[in-house]
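Q: Sequence:
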Amino acid sequence: MSDTDRLISDARRALAVLDDLMFWSEDPGSEAFGARYCLAATLNALDPSVLIPIPKQNPEATAILRIVADWYEDVNDGQGMDASDLVTDLGRAGYALPSDEADR
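Position 27, counted from 1, in the sequence shown is what numbering that gives the first Met the number 0 calls 26; the numbers after and before it change by one each time, with no gaps.
Any given hint might turn out to be false.
[Stated by the list, open to error] Pairwise CB distance ranges, derived in the manner of DEER restraints:
# : residue 1 : residue 2 : range
1 : A40       : A95       : 29 to 39 Å
2 : D84       : S1        : 53 to 63 Å
3 : I51       : S1        : 16 to 26 Å
4 : D18       : V67       : 21 to 31 Å
5 : A92       : V49       : 32 to 42 Å
Honestly, the hints are just simulated from the structure, not real lab data. Every value quoted in this text rests on a predicted model; they were computed, and no experiment measured them. Even glycine gets a Cβ: it sits at the ideal position worked out from N, Cα and C.
Throw the hints in and build the complete structure from the sequences for me.
A: In structure tokens form, the structure reads like this:
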């Protein structure tokens, strides 16, 4: 087995373990998704015969999810945060929630 074959095999095993951990985790976190993206991209480059799907990166969605994740972490740390703080943080970043009036 060549070094490249061994690397591909190890990366596939690591990806399978990471996918399993992310599946069972309540909040895998952006680092886990980043690690999965790197592993999948590396495997796709090394062995294009088996393409591993890589979700398209959406910078706006990532920014919104980062705000939500930071808020969630503050709530869990007992920072006295509530839902209105999340709405405020999103609004400051340019992601104001739609108004109930607009839906009517």
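Q: Which hint numbers doesn't this structure obey?
A: none
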